[in-house]
Structure formats: structure tokens, C-alpha cells
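Engineer: Given next are the chains, with one letter for each unit.
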Amino acid sequence: MNLAGRRSVVDVVLQNEGLIAAEAATRAKVLDRLRLSDSVFRRLTRGAAIGVLLLLSGVMGSLIAGSIPALRSFGLGFLVSERWNPVTENFGALPAIYGTVITSAIAMLIAVPLGLMIAFFLTELCPQWLRRPIGLAIELLAGIPSIIYGIWGLFVFAPFLQGTLQPFLINTLGNVPAIGPLFAGPPYGIGILTAGLILAIMVLPFITSISRDVFEAVPSVLKEAAYGLGCTTWEVVRNVVLPYCRVGVIGGIMLALGRALGETMAVTFVIGNAHRISASILAPGTTISATIANEFTEAVGDLYTSALIALGLILFIITFIVLAIARYMLLRIERRVG
Amino acid sequence: MAGSVLDARYTRRRRRNAIAKALALAATLVGLGWLVLILGALLWQGFGGLSPAVFTEMTPPPGSAGGLLNPIIGSLILTVLAVVIGTPIGILAGTYMAEYGRYDKLTSVVRFINDILLSAPSIVVGLFIYEVMVAPMGHFSGYAGGVALAVLVIPVVVRTTEDMLTLVPNALREAATSIGLPRSLAITQICYRAARAGMVTGVLLAVARISGETAPLLFTSLNNQFWSTNLNAPISSLPVVIFQFALSPYRDWQALAWTGALIITMAVLALSVTARALVATGKQS
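If you read the protein sequences in the order shown, they are chains B and X. Counting from 0, one number per residue, gives the positions in the first sequence under numbering that gives the first Met the number 0. Counting from 0, one number per residue, gives the positions in the second sequence under numbering that gives the first Met the number 0.
One thing to keep in mind: the hints can contain errors.
[As the list claims (entries may be wrong)] A few chain X residues facing chain B, derived, Cβ under 8 Å:
(1) Leu91
(2) Val131
(3) Trp257
(4) Val278
These are calculated hints, taken from the structure and not from any lab test. Just so you know, even glycine gets a beta-carbon here, dropped at the ideal spot from N, CA and C.
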């Protein structure tokens, strides 16, 4: 091969800077410079990647550091105490933890079946030309900022529930022996149930789009075999598609759960911010994130601030675990598909 | 005899199938209905308030007329700050994961952590920035708000950059190397160009995500009733103003909150539709 006649990058650099190509020393210098810029760039990117890790440990570290005063004064009792009294500086996280868990549970109870059914519709029933537009519209729900859900929930949805669903629940289910207390009390409009319903709308697109993606990844041979045996569409989805996608669907649900647990603004608007645990899901309550959003800027005294940061730490740990499980499961299904 | 039993079973299965299909259709209609209801309410409540005054006047005290100029400008400033800080870090980290360390341990750990950051509660990010910036500085500031939003930008950009660079065919890298390009130039001159549409999409998605974020701003940039572009002081932002005005008892503040909500939603939806369109054209070419 005639290497002499070919120009390398070094020649291009030399030419651009008006240097004489013949000098070996200049050539070496340019080459060195290119090598240096290469290793600098490599280190820069590596540094940024490590920076992402530091970010997470920084969040964790600062939350732990900030919550030490509260954890020192209240100990583990912080987790199980129901008091929340800024005046006497007596704080317990239980009502907030309870509110977070119960609103997320209501949200999942509604959003999971709904999301799975929409995914079923989009993958098996919907005419081809409608799939993209409908899928897109559902995903737009995920794009709407949470504060919009909040303002809509407060001014439109809560009054609507107060006038319709809540009186209905009180008059019917409220009188059923075992579950009656769940639906007792006056219809406030705002409260645990309203927050749960809003959360359901917010996480619906996550469940839908992930389930749709994993449903679509089912090998058509499997489905065709089931149809060949005479299965109905529902039986194919119920007995072939769902079991095949189990891991991916659970991953999607956990991801949605992680979102629901940490959601702040939408919940803050409609939960009512009451630090107590009520048997009724129609009563106002609070969640970890709503408590922080409502009270942090008004918190006076180190202990109050620290108690709120400790709440944030609890929330972060819970969501971290849930999201880690979600990612692990989605990773498993990705490996199988890819 | 046996035939009729089978017939009955067959009818039952068919009926169950029909019910499931109807439920699926109903679920989809419910999902779409919610979108329509929310957007409808926004237009209904917010559209009437749209006027030039909204974009030219400051936030008013209760009971007098005004607009949303200072929160709109504040939001723009904070968003630009967040993108300027977050995008380079995100692109560099994504570059390492896709180019230098595609198969090493660090990359899989960073990918896992990044995916968790992607969905981590944003209010926790607010607390983090409060601890590391607001508390040491002694006051709320626009810088703190911008950095808090940047923390939300980074994971989105990392994710899309990595995904898009992974899609760049290896033949391009080999071709670049064969003409003697150092790795860094091959990446910045060749791979970035090939992946540009996708990377821009990532930034757009990140902007869409942060422009409606309220929780991390509540105790970082706080709020400001007056005209201020000083980043070292509390600065007004649209989401925080909506939060404050919507929860106030004053009718005209609530009306302004609805108008602000409409503006944000339209901006966010426009951004995400643009981002999707970019991805779609990128796939075709």
C-alpha cells in the first residue's frame, strides 16, 4: 500500500495552522496534542459519569446529615409516632407515611387494571391506524405537569366528587358492616380518596405504555399457537400474553408506584393536609411529600426543619427500594427480549 | 347431549370474550376522557384570562389587575440556567456510557442509578439543594432553583444521549478511526452529528419535564412578588406562582393561576410533541 501519498489527520491540522509538514518535531507535537485532548475528553466523560453517582450519594448523604437532629431526639419512635405538633416540637412520621402508602394503594388499585386493559385494547383490538394516536394521547397525560393535576383536582374534580361519588359511597358502602368505616364521615371533596384518584390518572400512562411495549414483544408464534387451539382473544391475553409478560408488567407497575409515592404537587392541592390517621378514606390526610411542600418554608427552629428532612429521607428510601425493584425487573425482561 | 354442553360452554367463553373487549374499550375511553376533561377545563378556565396584560404586567396584589410577566421571565431564566448546567454533564456522562465504557461495570452501575434518579421524587431534590446551597448561603436564590432543576435535567439527558449514541452504527466509528481520527474527535465530529436529532430530543424532553416542576423550587428559588432578574436573590417562577395563587382565597389570583396553568401546559405539550416529531423523522431517515 502506498502510505506516503495519503494524508492523515495530523497533516490536516498542520495545514490548517500553516505549519510545514516535513518537520518531524512538529508532527510529533501535533500528535501529542491530539493524544492529550483524547485522554482529557475520556477523563471528562468518565468524570461526568461518576458525577451522576455522586449526585445520588450526595442526595442521600445530605438528607441523612439533615435528619440527624430529629432522629437523635425522637429515635425510632419517629417512625411510629402519630403526633405532629410544631408548637411543642413533637414530631412523628406515621400519619404522613400512612397517607403516602394509602393514596398510592388507591392509585394502583385503579390504575393497574385500567392501564392493563388499555394496553390490551391497543395491542389486540385497536385498528392499526388508531394505535399511534391513542397511544400518544395517553402518553400526553404523562406530560402534563403535576401542578396542573393539582389545580384541576382542587377546582374541578374535588367539587365534582363532593357532589356525586362521595355521597353515593357514604349512602351505600358506608352502611356495609365490615368496610363501612372506610366510607364514613361527611363528603369534604378533598381528602385521601381524591388524592388517590388523581394519582391514578397520573400514573396510568406509565403502566399503559410499559405494558403495551412488553405485550408487543410477545412472539407472535405463541399467540398464533393459542389462537390455533381455538382460544378467544381474551383467553390469549389472559393465559398467554400476561404470563409471558409478567416480569415486565410488574416492573412497569413498580415504576408507576415509585412515581405515585413521590408525587408532590397534585397531592398537596387535594389531600387537605391534616396530620391524623382517619379510618375513612373520605377524610383529609397528608402525605410525606405534601407535608414537606406545605410546611418546609414556614418551619421555624432546627428541629422542625430536621423533622421534615427526615420525612424526605424516609420517602427517598422507600422510593429508592421500589424503583430499584422496578428497574431490576425491567432489566430482566430487556435481556430476554434483546 | 354432549353437544349442548359444549355449546353452552362455547357461548360462555364467547360472552366472556365480548365483555373483556368491551371493558378494554371502556378503559381506553376513560383514559382519553380524562385527557379531554383536563385540557377542556384548562381551556375553559384559563383561556378567558389570556390577554396581552398577562405577558406585559407584573403579578398583582390581591384585588387589582395584573399579569404574569415576572414569573414567566423567571421561569425562562431558571430553565435556561438548568439546561446550561445540566446538559453538558448529561451529554458527557452519556458519552462515556455509550462510547468508552459501553460494557464496563461503571456504566451498568451508572445506568441503574441514573434510571432511579430519573423517577426520584423531585421534592427530595429540592431538600438536597436546600441543604447544600440555600442553607450554607443563608438565603433562597435563583441559582439554587436553577441547580435544583439541573439535577432533574441530567438523568433525562444521560438516558437519551446514551440510547442515541448506542444506535450510531459501528461502521461510522470504524471509518473515523481508519482515517486516523483520535477517539475524541470521532465522537464529537462523527457520532454526535449522527445522533444529533435524538440528543436534541433529550434536551427538549428535559425542558418539558422541568418547566412544570414546582416542588424543587418551593424552597430553593422561593418566589418574588416583584420584577427581579437577580439570580442571587429569590426569583419568581410560573409553577410556584400558580401554586400560591391557586390556593389563595382571591378570585382574581385564582383566575391568573388558571391562565398560568394553561400557558405552562401548552408550552409543555408543544415541547413534547416537537420532541416526538424529531424522533419520528430521525427514525425514517
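Engineer: Against chain B, is Val278(X) within 8 Å by beta-carbon distance?
Structural biologist: 12 Å, violated
Engineer: Can we keep the Leu91(X) interface hint, with Cβ of chain B closer than 8 Å?
Structural biologist: 4 Å, holds
Engineer: Is the shortest C-beta separation between Val131(X) and chain B less than 8 Å?
Structural biologist: 6 Å, holds
Engineer: Does the interface hint hold: is Trp257(X) within less than 8 Å of chain B, judged Cβ to Cβ?
Structural biologist: 7 Å, holds
Consistency with the previously given hints fails for number 4 only.
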